[in-house]
Amino acid sequence: MLLIYCPYCEEERSELEFRNGGDAHIARPTNMAEISDEEFEAYFFLRDNPKGVIFERWRHVHGCGRFFNAARDTISDRFLTTYKAGEPKPDLNEKPKTGAEVETYEALEGAAQ
Amino acid sequence: MSGVNRISGAGRLTPARSARFTFDGRTLTALEGDTVASALIANDIHLVGRSFKYHRPRGILSAGAEEPNALLDVARDAARRQPNVRATVQEVFDGMKVSSQNRWPSLAFDIGGFNDLLSPFFAAGFYYKTFMWPKAAWHKLYEPFIRRAAGLGVAPTEADPDHYSSRYVHCDVLVVGAGIAGLAAALAAAKAGAKVILCDEQPGVGGALHYDSGTVIDGKPGYDWAQATGKALAAMDNVTLLTRTTAFGYYNHNFVGLVERVTDHLASPEKSLPRERLWQVRAKKVILANGAIERHMVFANNDRPGIMLASAGRTYLNHFGVAVGKRVGVYTAHDSAYEAAFDLKKAGVTVAAIVDCREKPGEAVLAKARELGIEVLAGHSVVNTTGKLRIASINVARNGGGASRKIAVDALLVSAGWTPSVHLFSQSRGKVKFDASTERFLPGTYAQECLSVGACNGTDDLQATIDEALAAGELAARAAGAEGGAQVTLTGRNAFEWTGGMHGAAEGAGADTTVKAFIDFQHDVCAKDIRLAVREGMHSIEHIKRFTTNGMASDQGKLSNMHGLAIAAEALGKEIPAVGLTTFRQPYTPVTFGTIVSHSRGSLFDPARKTPMHAWEEAHGAEFEDVGNWKRAWFYPQAGEDMHEAVARECKTVRDVAGVFDASTLGKIEVVGPDAAKFLNLMYTNAWDNLKPGRCRYGIMLREDGFIYDDGVVGRMAEDRFHVTTTTGGAPRVLQHMEDYLQTEFPHLKVWLTSTTEQWAVIAVQGPKAREIIAPLVEGIDLSNGAFPHMSVAEGKICGVPTRLFRMSFTGELGFEVNVPADYGQAVWEAIWARAEPMGACAYGTETMHVLRAEKGYIIVGQDTDGTVTPHDAGLSWAVSKKKPDFVGIRGLTRPDLVKEGRKQLVGLLTKDPKVVLEEGAQIVADPNEPKPMTMLGHVTSSYWSSNCGRSIALALVAGGQARLGQTLYVPMADRTIAVEVSDMVFFDKEGGRLHG
Amino acid sequence: MADQAIATRNVPLAGRRGGSPAAILTPADPASRIALRAGAEAVSALSAALGVTLPVRPKTSASTGRRHALWLGPDEWLVIDEDNADLMAAAASSGVVHSAVDVSHRNTAVIVSGPGAEVAINSGCPQDLSLAIFPVGACSRTIFGKAEIVLFRTAEDTFRVECWRSFSPFVFGLLSEGAEDAAY
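Protein chains in written order, with numbering that gives the first Met the number 0: chain A, 0 to 112; chain B, 0 to 996; chain C, 0 to 183.
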């Protein structure tokens, strides 16, 4: 079961309190009635389903109720970062806010000496 | 005496505390603390079961959780009976009844043993080949045969009378395994101030020290040190020590499932105790100290009862005080087995010989063997065994051939070395690496916040294990934020250093042989089966595993995986790491359904939501139906009525007089804020700006793709406040849908949403006398047609309590929906009923509501629509605003497929024979004589007998339906074809005058 | 109308008692409650109008006597008045843009009290309820088995568990099993 950092509650909480909301950063066209069939298809139907980092929406539905965004590695399920709805897509090359590097035993062993 | 093989003075159990149990009806005596396995061996019983496929006699192979053979049926009473219990794990309690499995008519003479003779037909992959043809024989012949023959235990038929509990718990450091490494790590972490959970599957701490005899730690005998350390840890406030507790699953983000067996070892457990407790642990750091599992030797007929792992033989002797035989042989590729021989010899048991397939055993153990006078046959192998129901002798030959020598034994201890337990590490998605020098898989790349220490990390040396564990414990504690405490140091030494180990088939069971040399005992997989799989073209270990079923039994191949891998690698001509290791899955050992379910059974399986009027409805004989989690009054049968009669009466009464209906379950959302109307404009197809406070409107909500998502009546309470209703089942998802748009697409709007579904009890009063019924109860609202017309809402009082009173109707009659704060629901209902009943009105349920609305052609979202129906398809074009620049679904509605001719549209259907009621879901065709496959035009969505129309009525989705009014179509059923006429959707009061009565 | 008896109130969980020596369960008395929503700019006016400072930090609450304001989200509070005061009127008197919705009858509450209160609630709640993480005064909307609850720690060994009324038998039932298990 995942542990998800809610940027509004400023705390990691169990996945049980959350609901996934699909891909993030897909803005609803403001001129919705005028867009072409192709634009509608791209907006509503087409998704990348990446192997690796996905930007996705979560709602802390049984918590603060807020929608927020997360960058998650779909292979490891590691969250690289979570951030409030409306904030820009973060640069993942910067140091992530949450999800520190996993310490291997070897690394710890080195640190112990 | 608790068994003939119990050795006086040996072991750690208390001789005075005995327990009696039965095995296949025979009463036996055990000591408190015995496992079923140790008690059986103490009573000189090795034969405990028949194998899965060949029904070969099988004994006890191990002394731990890895046991593949000794699976027994253990019962406390008729209902508390569990099949497939590992005898090596289950503790004996007084009065327990143990039975062997998979044998008939008896364990000693099992008719299924013929399968062993037929074994050429049961080679690997036989399921896939033998039973392919003829197809018809599968159900009648093959499957019943396979099920009977290839059985494990029989599931109990009675309901489980025990209860199980579950709890979530958080800790800084979870240590799995309380052997030397686990205890040291837990001690270091706890002394550093961390909140520690230490768990171990055994009844006591000590791990490998259970079998050990010569280890000294901190100046004490190893086992004594472990007990003292366990006691000290248990006494610390920041430590939870859980014994009889298996960490069975390592899940995402350091979420680890533990199962604690609370009562299975007790003779008469307190009723209030759960049988098992599920610990759902979220740990900041996990330390894996799972140890290692000894492998058996793979040689011809290596499965006879009496053949067991060397460490198991030591455990039975040193912990349980039981000798596994009177004349014991040892067959090994590893030094550790020598110590078993030493311990047995010292205890007075004859050691027939140590057969070591290595040319050069470890020097220290060799010297000790000589000193004790034990014959060591280095460079020799056991090439066969004899003995029908128990091993009687071994045939030993010099490696490379030559004459064999027969040595009589009544038990044989085997060891091919030790496999580090990387199961939990693998479950955590860590990647193992192959250590070529020691030929074993070890934790490589970590995927989660965990560390492996001791034997599971491939650390062999005792002091190195201790140092590594202490360092890991302290580091984990510090990393989790612990700041206190003193550093712990410990010293330890072993009696002997160990070398050796091998994988795969031993001498005499190699590539050119066809002997039965078992690698997977539980699934009866032999070395030759792996080779067959490779010959048949399986080159991936995943394919080989599935073709042979090696490692796929409930023991998940704890003993067999490495052997299978080595044999496959040899057959493929590859190195072991090039063949790859299959992934370990949760659970590590089987977990009962009771534990997985824990509290979620009976009334706690799912919340049963009841309305404030539920008790009244129950008292008045209502039958209930489930709608989502709600229990809704379905119909109210009176004496002698069946459902059909009750519904017919209720339908007629509502239209002739009036009816009272509990509509409390309708979803309700309060939409409040200066931009409330703007927001609803975007969420619904309708326009809301022009709806005046005090008025209501039926609204349709779409998804962005243009299909109907939900519907309901929305009342405007004030300029900035709307009372939105949703379908009963749709309430949570509609709120989620609205929140989604509000928060992420329209966050600039000043409006907020609050669920009020449960704030209000809703009493619908419908029918010509509705006004007369409620009028005297209502204060502050003029109910006249002029002041309070159809689709009005007002706030006032009813029965002295606040109400939001709606004039609306889902029946087509004059109707009101009385909303009162929920706690007043029952009292107001009773007051309304007290007026309604004398007038001849009835209480009605959801079935009547469904019929009445169908008579009026009102749709039910989810019944008459299915997620592919637009408002136009449903005949609701009037509800779609043509003036609004935007609403959710506006673009979807103009998609090419949604404006195409010939879409399925909702229409009415009238059967030519008015007495015939169509089946909901039935398909509709134009030409009943068209050859199959016929062209299906659509299906029936709603169908009822209408007592008010005196005939059947139906709604249906029909291709191009609105253009087919008056046409005759056909509904083909299994036994007949029903002719229907397409009609409009309104069957009763087509002019709609009754609404305004 | 004068002869009309005023409707009596039937509260959920009426007469229920339960738990174990480790965690005693008591249905809370009826209270008035509002679901309060407002932007940051309205917080001070609403606080003044309600007589309790609306907390703005996650998982915190504020109390004035028997009136409590629980932070549920960045623009959301549950305000509870154990003396059944008219909170809707109080909020309305603030004169600032907000949404107040009466949920007095939607919610009901169970008081869980005793040394095993944490364990009893952890039978279905995945949050860390240790005092360091969930101190006295902490509150959170969360999950309890298959029900949503609002958890409010009123003392070291006492929690108020708010839930919707139709879920209250489920919540009480699961708390009862958790309380029993907490005794061991």
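By construction, these hints were calculated from the structure, which means they are not laboratory data. Any given hint could turn out to be false.
[To be verified] Simulated restraints, written as ranges between beta carbons of each label pair:
id, chain 1, residue 1, chain 2, residue 2, range
1, A, N48, B, Q637, 33 to 41 Å
2, B, G861, A, S75, 35 to 43 Å
3, C, V135, B, M838, 54 to 62 Å
4, A, A26, C, T59, 29 to 37 Å
5, C, M87, B, M838, 32 to 40 Å
For glycine and all other residues, C-beta sits at the position ideal for the given N, C-alpha and C.
Okay, the hints, checked on the actual structure:
{"no.": "1", "hint": "N48/A - Q637/B: 33 to 41 Å", "in the structure": "violated (57 Å)"}
{"no.": "2", "hint": "G861/B - S75/A: 35 to 43 Å", "in the structure": "holds (38 Å)"}
{"no.": "3", "hint": "V135/C - M838/B: 54 to 62 Å", "in the structure": "holds (57 Å)"}
{"no.": "4", "hint": "A26/A - T59/C: 29 to 37 Å", "in the structure": "holds (34 Å)"}
{"no.": "5", "hint": "M87/C - M838/B: 32 to 40 Å", "in the structure": "holds (36 Å)"}
Taken one by one, the earlier hints fail for this structure only at number 1.
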